[in-house]
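Colleague: Sequence:
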Amino acid sequence: MAGHSKWANIQHRKGRQDEKRGRIFSRLAKEITVAAKMGGGDASFNPRLRLAVDRAKDVNMPADNIDRAIKKGTGELEGVDYIEIRYEGYGIGGAAVMVDCLTDNRTRTVADVRHAFAKHGGNMGTDGCVAFQFKHCGQMLFAPGISEDALMEAAIDAGAEDVIAHDDGSFEVLTGPADLTKVREALAKSGFKPELAEVTQKSLNETEMAGDDALKMQKLIDALESLDDVQDVFTSAVFDEA
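For the sequence shown, the working numbering begins at 529 and goes up steadily by one.
Because the hints were derived from the structure by calculation, they are not lab data.
From a predicted model like this one, the values you see are computed outputs, not experimental measurements.
Misleading hints may appear alongside valid ones.
Here are the simulated lysine-lysine pairs, BS3-like style, with alpha carbons at most 30 angstroms apart [said to hold, decoys possible]:
1. 565 x 585
2. 721 x 744
3. 744 x 710
What follows is a set of in silico ranges between Cβ atoms, one per label pair, in the way DEER data are often shown [what the hints assert, rightly or not]:
4. 636 x 681: 48 to 54 angstroms
5. 587 x 681: 45 to 51 angstroms
6. 647 x 592: 34 to 40 angstroms
7. 726 x 651: 45 to 51 angstroms
8. 612 x 552: 32 to 38 angstroms
9. 687 x 649: 37 to 43 angstroms
Built from N, CA and C at the ideal position, the CB exists for glycine as well.
Whole structure, please, built from the sequences with the hints as guidance.
Modeller: Following this line, the structure appears as structure tokens:
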């Protein structure tokens with residue numbers, strides 16, 4: 529892809545996440561609690577919980593934090609009753625944006641999200657206005673320098689839906705949302721360790737950003753991600769390497 533690198537974008541995103549490690553712990557604890565409440569505290573029989581715990585381990589979240597979050601979900605410890613809400617809208621240049629939230633106060637959350645959009649040049653839209661532009665899937669990204677044929681064979685054998693080779697030499701493996709853990713473990717046994725593995729909303733049509741537009745879009749994403757009730761921000765925007 530001319531103009532931007534999938535690998536550079538993912539490294540940029542990981543770097544920003546590392547800067548917000550404390551906030552990530554808080555968000556993962558929420559997700560673990562909700563997953564345990566909905567499907568029980570045994571990760572072996574609760575795919576959503578298993579994914580949340582795996583993500584927590586990937587960022588070195590302490591085991592005590594994970595156990596405490598599970599117990600809040602199962603009712604062994606007192607916890608907050610969260611509801612899941614998704615907001616949709618548009619960023620700079622019409623880039624699609626989806627914001628997933630866990631909150632105990634819907635009124636506060638919608639006001640905060642709407643304010644972030646308005647302050648940073650975006651527009652909050654109606655339910656469904658951009659959701660069709662994303663695919664709910666498991667996504668793994670592998671660094672440049674590995675064998676495409678070997679990865680392709682291992683991924684197909686493991687049950688992956690697709691393997692995408694990018695112009696920068698990186699590879700993307702897509703799975704069904706519930707199959708991510710199974711495929712990831714199978715690939716690990718074949719010697720392939722992803723730099724990123726998550727269940728995500730993958731944009732079907734990317735919006736390239738450069739210069740001032742890129743800076744403005746990043747500010748909007750940062751503003752949304754800084755909100756306490758926001759769990760994830762998905763966007764069609766990709767940023768020029770320059």
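Colleague: Each of the hints needs a verdict: does it hold here or not?
Modeller: Each hint tested on the structure:
no.	hint	result
1	565 x 585	20 angstroms, holds
2	721 x 744	34 angstroms, violated
3	744 x 710	38 angstroms, violated
4	636 x 681: 48 to 54 angstroms	50 angstroms, holds
5	587 x 681: 45 to 51 angstroms	30 angstroms, violated
6	647 x 592: 34 to 40 angstroms	38 angstroms, holds
7	726 x 651: 45 to 51 angstroms	27 angstroms, violated
8	612 x 552: 32 to 38 angstroms	18 angstroms, violated
9	687 x 649: 37 to 43 angstroms	42 angstroms, holds
Hints 2, 3, 5, 7, 8 from the earlier list are contradicted by this structure; the remaining hints agree with it.
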